[in-house]
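A.B. asks: All chains should be built: construct the whole structure from the sequences, respecting the hints.
This is what each chain is made of:
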Amino acid sequence: MRIQKGITRTQGIPDLSFGEIRARVEGFYARHMQLLDSGNVEEWVAQFTEDTVFDVPTLPKPVQGREDLLASVREGRGKLAESGQRHRHWQGVIDIRSQDDGTLWIRAYTQVLASTVGEAPEGGKSWLHRVCVCEDVLVVEGETFLVRSRKVTRDDLA
Amino acid sequence: MRIQKGITRTQGIPDLSFGEIRARVEGFYARHMQLLDSGNVEEWVAQFTEDTVFDVPTLPKPVQGREDLLASVREGRGKLAESGQRHRHWQGVIDIRSQDDGTLWIRAYTQVLASTVGEAPEGGKSWLHRVCVCEDVLVVEGETFLVRSRKVTRDDLA
Amino acid sequence: MRIQKGITRTQGIPDLSFGEIRARVEGFYARHMQLLDSGNVEEWVAQFTEDTVFDVPTLPKPVQGREDLLASVREGRGKLAESGQRHRHWQGVIDIRSQDDGTLWIRAYTQVLASTVGEAPEGGKSWLHRVCVCEDVLVVEGETFLVRSRKVTRDDLA
Numbered sequence: 001m002r003i004q005k006g007i008t009r010t011q012g013i014p015d016l017s018f019g020e021i022r023a024r025v026e027g028f029y030a031r032h033m034q035l036l037d038s039g040n041v042e043e044w045v046a047q048f049t050e051d052t053v054f055d056v057p058t059l060p061k062p063v064q065g066r067e068d069l070l071a072s073v074r075e076g077r078g079k080l081a082e083s084g085q086r087h088r089h090w091q092g093v094i095d096i097r098s099q100d101d102g103t104l105w106i107r108a109y110t111q112v113l114a115s116t117v118g119e120a121p122e123g124g125k126s127w128l129h130r131v132c133v134c135e136d137v138l139v140v141e142g143e144t145f146l147v148r149s150r151k152v153t154r155d156d157l158a
Numbered sequence: 001m002r003i004q005k006g007i008t009r010t011q012g013i014p015d016l017s018f019g020e021i022r023a024r025v026e027g028f029y030a031r032h033m034q035l036l037d038s039g040n041v042e043e044w045v046a047q048f049t050e051d052t053v054f055d056v057p058t059l060p061k062p063v064q065g066r067e068d069l070l071a072s073v074r075e076g077r078g079k080l081a082e083s084g085q086r087h088r089h090w091q092g093v094i095d096i097r098s099q100d101d102g103t104l105w106i107r108a109y110t111q112v113l114a115s116t117v118g119e120a121p122e123g124g125k126s127w128l129h130r131v132c133v134c135e136d137v138l139v140v141e142g143e144t145f146l147v148r149s150r151k152v153t154r155d156d157l158a
Numbered sequence: 001m002r003i004q005k006g007i008t009r010t011q012g013i014p015d016l017s018f019g020e021i022r023a024r025v026e027g028f029y030a031r032h033m034q035l036l037d038s039g040n041v042e043e044w045v046a047q048f049t050e051d052t053v054f055d056v057p058t059l060p061k062p063v064q065g066r067e068d069l070l071a072s073v074r075e076g077r078g079k080l081a082e083s084g085q086r087h088r089h090w091q092g093v094i095d096i097r098s099q100d101d102g103t104l105w106i107r108a109y110t111q112v113l114a115s116t117v118g119e120a121p122e123g124g125k126s127w128l129h130r131v132c133v134c135e136d137v138l139v140v141e142g143e144t145f146l147v148r149s150r151k152v153t154r155d156d157l158a
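Chains as they are written, first to last, in my numbering: chain B, 1 to 158; chain U, 1 to 158; chain Y, 1 to 158.
Read the hints as simulated data drawn from the structure, not as lab findings. None of these values were measured; they are calculated from a predicted model. Treat the hints with care, as some may be off.
Covered stretches of chain Y (in silico footprint by chain U; criterion: 3 or more residues with CB under 8 angstroms from a CB of chain U, positions within the stretch not fixed) [what the hints assert, rightly or not]:
(1) 60–69
(2) 122–133
Beta-carbon label-pair distances, calculated as ranges [claimed, not checked]:
(3) Y/L59 to B/D68: 38 to 48 angstroms
(4) Y/G76 to U/N40: 37 to 47 angstroms
(5) U/D100 to B/L59: 30 to 40 angstroms
(6) B/T144 to U/V112: 29 to 39 angstroms
(7) U/D51 to Y/D100: 50 to 60 angstroms
(8) B/R77 to U/D51: 49 to 59 angstroms
(9) U/E75 to B/G78: 24 to 34 angstroms
(10) Y/D55 to U/A71: 36 to 46 angstroms
(11) B/T58 to Y/Q99: 30 to 40 angstroms
(12) U/S83 to B/V112: 16 to 26 angstroms
Ideal Cβ positions, reconstructed from N, Cα and C, are used throughout, including at glycine.
C.D. replies: So this is what it looks like as structure tokens:
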């Protein structure tokens, strides 16, 4: 049982074992989703490449580039604030494949969890809002990654 | 803080650190669940040993062997298609123990997430369908694993 | 792409790569949550330091020390048993940062999943009960960790 073939031969990830790569990918997504959910949108957008392509079903067409992505996520956060809901993006079931060009191809599931706020101790409500599939291409950036492209699909849409 | 005792002494997993083993187990389940949910049932069944024992509460008795497992999962997928629902199997909270015979004993939680399809932009509904505990025995197969046995219990059954 | 800076320089975790640390943290939480949900409260409490501080919104004030924590969790388990519900604590989206004093600072999301029991084959119901953020300080204890402090917030409370 040796290191997964292909992983160590990519240009972008020269000397890392599968365990190190997986740990960094998991760590990347944990911070990535927490930045979004905390409203740190500039830091979140900085985790995409300058020429990123961001394709999600809640937008009429794919967003291209960090500038437009920042405007788009700000608009989305504004609508969320108006709705009175809190959202958490939960990435899991992360399948990682290395590609010949040194990038990683990721296919993961994303739960969007929603809550409304109420008085203690009962509090408000929480529920599973969306189930999505998230396909990313990640490029290596130092000890972490940048998202070159993201395609999200929703299980509740045809 | 050294490598976990026992892990490196098993026959099946001779020279791997705990980090490498965990990464491979997580990667195994990610692909395993995605194969099932995508309907790639032959590939999914190929992740079990020939003589696997598969014990889940939705079946009247445990299924034995790949052939019967394939028939069983095809029947299940057919019923799911008729229901109009989409299901995602989300493995997490994965506890891994190495055993003296070189196998891994896994105890994990599984969420089954269900969705119905509706028109954009509202879409259909998504909800938490089941909460299960999944106990697997994994045997090493090259750089990945095969499921020798699986026992699933549902939190909503006595 | 080398090992993350800082991680290997901490006192508590002298020679471990980021992959090894992440695997141990993930493994720690998996067993930790399973111990709680299985009612093994003594073993669960033993995963905290003697002088731990445990701050969760369901308690009127923070609990200090293992003895009080054990009493508190026993009371909570008793109430849960009376309610007829089963709960699962699902830790995920785990962000890990090493600190100068050799501890790890963790910020993770926690889903609390609830089920009621019903007759087979329909069974009872399962639902997403709570969405929480869990901030822990972990100290290294041999090959595993102890929780020095825990602060939990609920998305459904102001």
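A.B. asks: U/E75 and B/G78, beta-carbon distance inside 24 to 34 angstroms?
C.D. replies: 48 angstroms, violated
A.B. asks: So the hint says 50 to 60 angstroms: do the beta-carbon atoms of U/D51 and Y/D100 match that?
C.D. replies: Check passed, 53 angstroms falls within 50 to 60 angstroms.
A.B. asks: Could one say that the CB atoms of B/T58 and Y/Q99 fall in the range 30 to 40 angstroms?
C.D. replies: The hinted range 30 to 40 angstroms holds for B/T58 and Y/Q99, with Cβ atoms some 38 angstroms apart.
A.B. asks: Has the hinted range 49 to 59 angstroms been met by the Cβ atoms of B/R77 and U/D51?
C.D. replies: 53 angstroms, holds
A.B. asks: With respect to the beta-carbon atoms only, verify the hint that U/S83 and B/V112 lie 16 to 26 angstroms apart.
C.D. replies: Roughly 23 angstroms apart at Cβ, these two residues keep to the hinted range, so it holds.
A.B. asks: Please verify the coverage claim for the segment 60–69 of chain Y: does it have three or more residues whose C-beta sits within 8 angstroms of some C-beta in chain U?
C.D. replies: violated (count 0)
A.B. asks: For the pair Y/G76 and U/N40, does the Cβ-Cβ distance stay inside 37 to 47 angstroms?
C.D. replies: About 42 angstroms separates the Cβ atoms of Y/G76 and U/N40, which means 37 to 47 angstroms holds.
A.B. asks: Okay, B/T144 versus U/V112 on CB: inside 29 to 39 angstroms?
C.D. replies: Once the Cβ atoms are compared, 33 angstroms apart, the range 29 to 39 angstroms for U/V112 and B/T144 holds.
A.B. asks: Can the segment 122–133 of chain Y be counted as covered by chain U under the rule of three residues or more with Cβ-Cβ separation shorter than 8 angstroms?
C.D. replies: Since three or more residues must qualify, the claim that chain U covers the segment 122–133 of chain Y holds, with 6 doing so at under 8 angstroms.
A.B. asks: Okay, Y/L59 versus B/D68 on CB: inside 38 to 48 angstroms?
C.D. replies: Since Y/L59 and B/D68 have Cβ atoms about 46 angstroms apart, the given range 38 to 48 angstroms holds.
A.B. asks: Is 30 to 40 angstroms respected by the C-beta to C-beta distance linking U/D100 and B/L59?
C.D. replies: 54 angstroms, violated
A.B. asks: Would you say the C-beta atoms of Y/D55 and U/A71 sit inside 36 to 46 angstroms of each other?
C.D. replies: About 52 angstroms separates the Cβ atoms of Y/D55 and U/A71, which means 36 to 46 angstroms is violated.
Comparing the model with each earlier hint shows violations of hints 1, 5, 9, 10; every other hint is respected.
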